[in-house]
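Q: Sequence:
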Amino acid sequence: MALPTNPSIAIIGSGLSGLSLALHLSKRNIPSTIYEFRPATYSHGREIALSPNACRTLDHIGIYEPLSKKGFNSETMTLLNQGRKVLGVLEQGSMFGYPALKLRRTFVREALLAACEKKGIKIEYEKQVIGLEEQEGKVEVFFQDGTMVEADLVIGADGLRSNV
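Everything in the sequence shown is counted per the numbering used here, starting at 2 for the first residue and increasing by one.
Hints in this document: simulated from the structure, not taken from any laboratory. Virtual Cβ for every residue (Gly too), placed ideally from N, Cα, C. Among the clues, some could well be false.
Stated by the list, open to error - Calculated cross-link-like contacts (lysine-lysine; reagent style DSSO-like; alpha-carbon spacing at most 27 Å):
1. K86 / K139
2. K28 / K86
3. K103 / K71
4. K71 / K28
5. K123 / K28
6. K70 / K86
7. K120 / K86
8. K120 / K28
9. K119 / K103
10. K123 / K86
11. K86 / K103
12. K70 / K28
13. K70 / K139
14. K139 / K71
15. K71 / K86
16. K70 / K103
17. K70 / K120
Said to hold, decoys possible - Quick list of simulated restraints, FRET-style, between CB atoms:
18. H45 / H25: 19 to 25 Å
19. Q136 / N54: 20 to 26 Å
20. G84 / E141: 29 to 35 Å
21. D153 / V87: 30 to 36 Å
22. Q83 / E48: 19 to 25 Å
23. E76 / K119: 36 to 42 Å
24. Y126 / G98: 21 to 27 Å
25. Q129 / E66: 32 to 38 Å
26. E111 / I131: 26 to 32 Å
27. E111 / L133: 25 to 31 Å
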């Protein structure tokens, strides 16, 4: 079944994937709403390494440049065996057009959230999905707080233990 011309899209999860997806859709003038089960004040901040392709994606949505100044840009990756013998060196920057970027996950999420706010992307917090039901070409999304939304398309970006 084809989607309508102006589909209603519900993205479940406001992690890096859900926020990035909403921004990519926005670039194509496709609106979406993000539903996150955690409160707005939630912060998850470990170090992450972004591949050159991830950096290209961040550049496409306009947040790579400021983030590249907050982390460590790696043009090469050295592969070692257990005895610390060099097995090879991967030229990332010259091969892919972007280096790998190592930085705090919170920096990336904060930049994505700011970009979503600037684009007017709606994010609803404390909305834990407890069920989905397809009805006449639409999907009803039921939340723990007793509310329900209807969407043409529901996308699960809520991580490893997804309810979607």
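Q: Confirm or reject each hint.
A: Evaluation of the provided hints:
1. K86 / K139: Not OK: K86 and K139 at ~57 Å, beyond 27 Å, violated.
2. K28 / K86: violated (46 Å)
3. K103 / K71: With Cα atoms ~9 Å apart, K103 and K71 stay inside 27 Å; holds.
4. K71 / K28: At roughly 25 Å apart (the allowed maximum being 27 Å), K28 and K71 satisfy the hint.
5. K123 / K28: Measuring from Cα to Cα gives roughly 15 Å; hence the hint holds.
6. K70 / K86: violated (31 Å)
7. K120 / K86: Roughly 48 Å between the alpha carbons, so the hint for K120 and K86 is violated.
8. K120 / K28: Judged against 27 Å, a Cα distance of about 9 Å means the pair holds.
9. K119 / K103: Holds, at about 25 Å.
10. K123 / K86: violated (50 Å)
11. K86 / K103: holds (24 Å)
12. K70 / K28: holds (24 Å)
13. K70 / K139: violated (43 Å)
14. K139 / K71: Roughly 42 Å between the alpha carbons, so the hint for K139 and K71 is violated.
15. K71 / K86: violated (31 Å)
16. K70 / K103: holds (11 Å)
17. K70 / K120: Satisfied, since the Cα-Cα distance of roughly 23 Å is no more than 27 Å.
18. H45 / H25: 19 to 25 Å: Holds: the Cβ-Cβ distance is about 22 Å, inside 19 to 25 Å.
19. Q136 / N54: 20 to 26 Å: Hint violated: Cβ distance 38 Å, outside 20 to 26 Å.
20. G84 / E141: 29 to 35 Å: Given range 29 to 35 Å: violated, Cβ gap about 57 Å.
21. D153 / V87: 30 to 36 Å: violated (52 Å)
22. Q83 / E48: 19 to 25 Å: Since the Cβ atoms of Q83 and E48 sit about 23 Å apart, the hinted range of 19 to 25 Å holds.
23. E76 / K119: 36 to 42 Å: Roughly 30 Å apart at Cβ, these two residues miss the hinted range, so it is violated.
24. Y126 / G98: 21 to 27 Å: violated (36 Å)
25. Q129 / E66: 32 to 38 Å: At 35 Å between Cβs, range holds.
26. E111 / I131: 26 to 32 Å: holds (29 Å)
27. E111 / L133: 25 to 31 Å: At 30 Å between Cβs, range holds.
In terms of the numbered hints stated before, the structure departs from hints 1, 2, 6, 7, 10, 13, 14, 15, 19, 20, 21, 23, 24, listed from lowest to highest.
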